[in-house]
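Engineer: Sequence:
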Amino acid sequence: LQGLGKWAFMVARRRRYTRLVDRLQHCFRLSGLADTNDSASVLATSQTAQKVAVTRLQQQLSECRRLSMWATAFWLWVCVYGVTHWCLVPLIIGDNSLPFDALYLFDASQPPLRQVVHCLQYVAGLQNILLSVFFDLFVLWLHLLLCAQLRYLADNLR
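By the numbering used here, the letter at position 112 of the sequence shown is numbered 112, and the numbering carries on one by one without gaps.
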């Protein structure tokens with residue numbers, strides 16, 4: 001239910017997230033044009049000041065990208081490993097229990113159907129955890145972008 005709740009929340013607020021990402025892109029473009037030498041932060045007219053500002057912004061974004069890729073790989077691996085371990089260990093040790101309790105219109109304890117039901121439950125568990133992982137990572141990505149922009153703006157104000 002957690003995955004379904006996150007999916008429904010994301011679908012209900014997709015326009016707000018799209019506007020937020022568009023505003024972040026616009027703010028990054030504007031902050032790349034800000035002059036680091038002028039105390040009033042007016043738009044820079046020299047090309048070198050713009051290039052320096054864009055280079056610093058790209059460094060902040062590359063650090064943000066590196067952190068998000070590390071978090072994505074780690075969180076995805078941990079969650080997929082957890083679901084795989086939870087679903088496949090009963091098969092390895094010879095336990096006849098299924099990962100999820102469910103009622104079926106057929107006898108799921110018979111050998112050919114039991115393997116099919118077990119595979120379907122494993123795929124459903126993976127789908128649920130991947131939905132949760134991607135939602136969590138999207139929120140993390142938004143926070144990292146916001147922090148990168150705030151770090152860049154703080155450097156401009158110093």
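Hints are computed from structural coordinates only; laboratory data are not their basis. Do not rely on the hints blindly, as some may be mistaken.
[Claimed, not checked] Derived Cβ-Cβ restraints for the label pairs, each shown as a range:
# : residue 1 : residue 2 : range
1 : Cys27     : Leu113    : 17 to 27 Å
2 : Thr18     : Leu88     : 50 to 60 Å
3 : Leu20     : Leu103    : 34 to 44 Å
4 : Leu103    : Val123    : 32 to 42 Å
5 : Ser97     : Leu137    : 26 to 36 Å
6 : Ala12     : Val116    : 29 to 39 Å
In this text, a Cβ means the ideal position worked out from N, Cα and C, and glycines have one as well.
Engineer: What hints, given by number in increasing order, does this structure fail?
Structural biologist: Numbers 1, 2, 4 - these are the hints that the structure violates, sorted from lowest upward.
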